[in-house]
Each structure stands twice: as structure tokens, then as C-alpha cells.
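Start from the sequences and build out the full structure, keeping to the hints where you can.
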Amino acid sequence: MKYLLSVLCFISATSCHKQSERALEQLDKKSAREVTLKTVTKGDSVLHITTQRIWFNGEQITSASDTIVTAIAPGTWNTMDSSATLSKVPIYVTVQ
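In the working numbering, the protein residues as written are 1 to 96.
Worth double-checking, as some hints may not be accurate.
[Said to hold, decoys possible] What follows is a set of in silico ranges between Cβ atoms, one per label pair, in the way DEER data are often shown:
1) S45 to Y92: 18 to 24 Å
2) T67 to T94: 34 to 40 Å
3) S87 to A64: 20 to 26 Å
4) Q60 to V95: 17 to 23 Å
5) N57 to W77: 16 to 22 Å
These are computed hints drawn from the structure, not numbers from a lab.
Just so it is clear, CB atoms sit at the ideal spot from N, CA and C, and this is done for glycine as well.
Structure (C-alpha cells):
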């Protein structure tokens with residue numbers, strides 16, 4: 001999870017400020033939005049959990065969590081890979 005968060009911070013920093021590129025270690029972590037993506041399998045369901053924490057001047061000012069529940073292997077017309085499950089699909093992140 002820490003690796004994913006680091007990647008998200010890096011993507012955010014590079015996409016917004018191409019002119020003032022800085023190493024990830026030099027970024028100000030006191031004021032930021034932290035986003036955590038987690039996938040949990042429970043029985044025949046998959047929980048896709050997104051948690052956000054907003055930090056300002058070193059203090060957490062708010063946080064929220066959202067969960068989307070899906071079947072572990074939803075039925076679709078296209079059955080190219082019957083071993084694929086939603087607990088193992090890649091996560092694509094778009095930062096706007």
C-alpha cells in the first residue's frame with residue numbers, strides 16, 4: 001500500500017508541475033491528499049475500498065472511505081479468461 005501511495009503522489013506531482021520537478025523525498029508531506037486503494041476478497045464478493053485523508057499544515061482535517069462491492073467473477077458474455085477474478089485485475093489511476 002505504501003508503494004501505491006508513493007506512486008500516486010509521484011504521478012500527481014509530475015502531472016501538475018512539469019516545470020518545477022522535484023524528487024519525491026523533497027515533497028511537502030504536511031499538506032496533501034492521501035489516497036489509499038485496497039482490494040479485499042470476502043467469500044464470493046470483492047470489496048474495492050478507497051480511503052482519502054486530507055492533510056493541511058501537518059494536521060488531518062478530514063477523511064472519507066468508500067466501498068464498492070462486486071462479485072468475485074461477474075458473468076459476462078466475453079469469457080476469454082475464465083480464471084480471471086476482480087480481486088486480481090490491475091488498478092489504473094487517473095489524477096486530474
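Hints, one by one, checked against the model:
Separation of S45 from Y92 is about 21 Å and conforms to the stated range, judged on CB atoms against 18 to 24 Å. A hinted range of 34 to 40 Å for the beta carbons of T67 and T94 is inconsistent with their spacing of about 20 Å. Hint check: S87 to A64, Cβ distance near 23 Å, so the stated range 20 to 26 Å holds. Range check, Q60 to V95: Cβ separation about 21 Å, and the 17 to 23 Å hint holds.
Checked against the hint of 16 to 22 Å, the pair N57 and W77 fails, with Cβ atoms roughly 52 Å apart.
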